[in-house]
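K.L.:
Chain by chain, the residues:
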Amino acid sequence: MAKGKKKVPGINASSTADISFILLIFFLVTTSMNSDAGLHVRLPNPPDENIEQDPPKVKQRNTMVVTVNMYNQVLAKVGNSESKEVQISELRQLAKDFIENRDNDAKLPELHAVELPAPFGVQNITKNHVISFVTDRATNYDVYFQIENELYGAYNELRDELARKTFGYGYKQCNEDQQLAIRQYYKCMISEAEPKNYGNQ
Amino acid sequence: MPELNTSSLPDLIFSILFFFMIVTSMREETLKVEFKAPSGTEIEKLERKSLASNIYIGKPTREFRAKFGTASCIQVNDKFIDVSYIGQFVQDERGNLSERDKPFMKVVLKSDVNTKMGIITDVKMELRKAYALSIVYQATQR
Numbered sequence: 005m006a007k008g009k010k011k012v013p014g015i016n017a018s019s020t021a022d023i024s025f026i027l028l029i030f031f032l033v034t035t036s037m038n039s040d041a042g043l044h045v046r047l048p049n050p051p052d053e054n055i056e057q058d059p060p061k062v063k064q065r066n067t068m069v070v071t072v073n074m075y076n077q078v079l080a081k082v083g084n085s086e087s088k089e090v091q092i093s094e095l096r097q098l099a100k101d102f103i104e105n106r107d108n109d110a111k112l113p114e115l116h117a118v119e120l121p122a123p124f125g126v127q128n129i130t131k132n133h134v135i136s137f138v139t140d141r142a143t144n145y146d147v148y149f150q151i152e153n154e155l156y157g158a159y160n161e162l163r164d165e166l167a168r169k170t171f172g173y174g175y176k177q178c179n180e181d182q183q184l185a186i187r188q189y190y191k192c193m194i195s196e197a198e199p200k201n202y203g204n205q
Numbered sequence: 026m027p028e029l030n031t032s033s034l035p036d037l038i039f040s041i042l043f044f045f046m047i048v049t050s051m052r053e054e055t056l057k058v059e060f061k062a063p064s065g066t067e068i069e070k071l072e073r074k075s076l077a078s079n080i081y082i083g084k085p086t087r088e089f090r091a092k093f094g095t096a097s098c099i100q101v102n103d104k105f106i107d108v109s110y111i112g113q114f115v116q117d118e119r120g121n122l123s124e125r126d127k128p129f130m131k132v133v134l135k136s137d138v139n140t141k142m143g144i145i146t147d148v149k150m151e152l153r154k155a156y157a158l159s160i161v162y163q164a165t166q167r
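Top line first, the protein sequences correspond to chains A and B.
Here the first sequence is numbered in our numbering, starting from 5 and rising by one per residue.
Here the second sequence is numbered in our numbering, starting from 26 and rising by one per residue.
For reference, chain B alone in the conformation it holds in the complex (with noise of 0.2 Å):
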């Protein structure tokens, strides 16, 4: 019987790890926050994740606890923001994506489950002010 010739298979790998690569997306955000998405029934897929930025809500982690306490905090790529913020951050995000998409961009808050309405309510303030109101509530499929 004839050896099967395997010489391509390295090859054929590599393409399929350019592949993963390609579709697949880093975490680029660490989580400065412990978060822990609720869960329902109404939930629709986001259909195009360029249009979107996140605002993430919950308690700091233990590493950043001595520094931010335990109470509800807003974190924006890396880093941790005050409400007042949330505008220039909307208007940054806003400025990435171009003329065409604007009107479409959407706000992805990804709250954790025990966080208090106050600062929620707060943060969706701010985005009405600053005219983001798509909004999404980042939830997972019961």
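Looking at chain A on its own, in the form it has when it is part of the complex (with noise of 0.2 Å):
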């Protein structure tokens, strides 16, 4: 054999390319990007067994109640007026037009006036309100969901209407003062019961 004049022959590695292609779709395909999205809560602090509480007394008008039965049937009793049973969709218009009470009406809540951060100055809100949300033990979790979307969708819509009307922009597009300014004028006061135990689990 003659020194140093073997040739290794090259691996052929024009395949490696189409290889890692199938690696790499394997990857696609198992993965997730699961960009986990949902309706974001704060819970009330535990009840403190150790105090017997009363429960806070509310005027009628500043309260409004929505209650849900085992058969999913939905009920709102707005301020003064009747309860009455209403569709999901028309709970979102009900709960603005009570947080807003635009033409002061005696039924709605009252409206008082408050010192708000820049820009708003002296306003009148309703900041007595409270949305009260009851459910039973047996009442769907999709019925839940979709209610407590459009109570929080009402908030979330005044508070964009206002944005808008102030700064030009959606409450999105605010700064953090401006979102703090208006998350006090129009303060989120959803309140949930304790469920009922009508329809047993």
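No lab work stands behind these hints, which were simulated from the structure alone.
Treat the hints loosely; a few may be bogus.
To be verified - Ranges of calculated distance between the beta carbons of each label pair, as one might list FRET restraints:
| no. | chain 1 | residue 1 | chain 2 | residue 2 | range |
| --- | --- | --- | --- | --- | --- |
| 1 | B | Lys-74 | A | Asp-181 | 27 to 33 Å |
| 2 | A | Gln-183 | B | Ser-64 | 24 to 30 Å |
| 3 | A | Ser-195 | B | Asn-102 | 29 to 35 Å |
From the three backbone atoms N, C-alpha and C, an ideal C-beta is built for every residue, glycine too.
Both chains are sitting in their own frames, so use the hints and assemble them into the complex.
P.N.:
Pasting the structure below:
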């Protein structure tokens, strides 16, 4: 054998690209870029068992009570008006009218003059309003979620409208101070009662 | 015409592969419950996934029905648990976070649309007791 003359044949690497392509496609299929999204909610602090608490007295005109029974029927009682059965899609408008009370209706929540951060100054807002949401233990989660979605949607729409009126752009584009001011203007007051147990699981 | 040099093509593809391996995540938990998220309009994205702990609520999938029945179950970390264990679960998950992130912990409730509210309320009550107050109802954009 002649030394230094032997040639090692090179490995044919032309298929490596195909192999790695297959690997790439495998990873694209099996992994998920799952961007979790959902409705963000803040729960109240746990009830204190040591202190017997009376439920806070709220005037009837200041409350909106949404009740869902075990048959997923929705009952809404807005302020001082009679309670009536409603569709879930109607809830958003009802809640918006209730929170806003633009015409100072005697049946809807009282307006209080409240000092708010700039640029609002002193404004008449329904600062004592409460939206109470009562479910049954046998209510469907989907119905619960849709109602929750509409109620939070009412606040979000009001905030967005206010931002557009005051600043000329949507709530999401506002800076932090502006968002804080708007949040104080329309403060989220959704209270969830302990569910009733008529429809036993 | 000179031939195009494709010798760097495998390296190129490999780097794309590594990119995908890093940014995407393998589903860590195998779902043991049937789960279909509700859809809504007021959906916000979860900013940081590392702060989130998942709780699945739904009916057990077919292979687990013989063992666990068809009533709604709670699943965390690949196993079925009782409601009373939620507090412990929150403690564990909170322990995994760094001190700075602890106040920002979020619990993501992934409940099936056909679940009854009773079990969800029980879970929420346990979360309140464990002071995991920031929760997310997982849903899809309508």
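K.L.:
Tell me if the beta carbons of B:Lys-74 and A:Asp-181 are separated by a distance inside 27 to 33 Å.
P.N.:
At 28 Å between Cβs, range holds.
K.L.:
Okay, A:Ser-195 versus B:Asn-102 on CB: inside 29 to 35 Å?
P.N.:
32 Å, holds
K.L.:
Take the C-beta atom of A:Gln-183 and the C-beta atom of B:Ser-64, compute their distance, and say whether it sits inside 24 to 30 Å.
P.N.:
26 Å, holds
Hint check: no violations occur; every hint is consistent with the structure.
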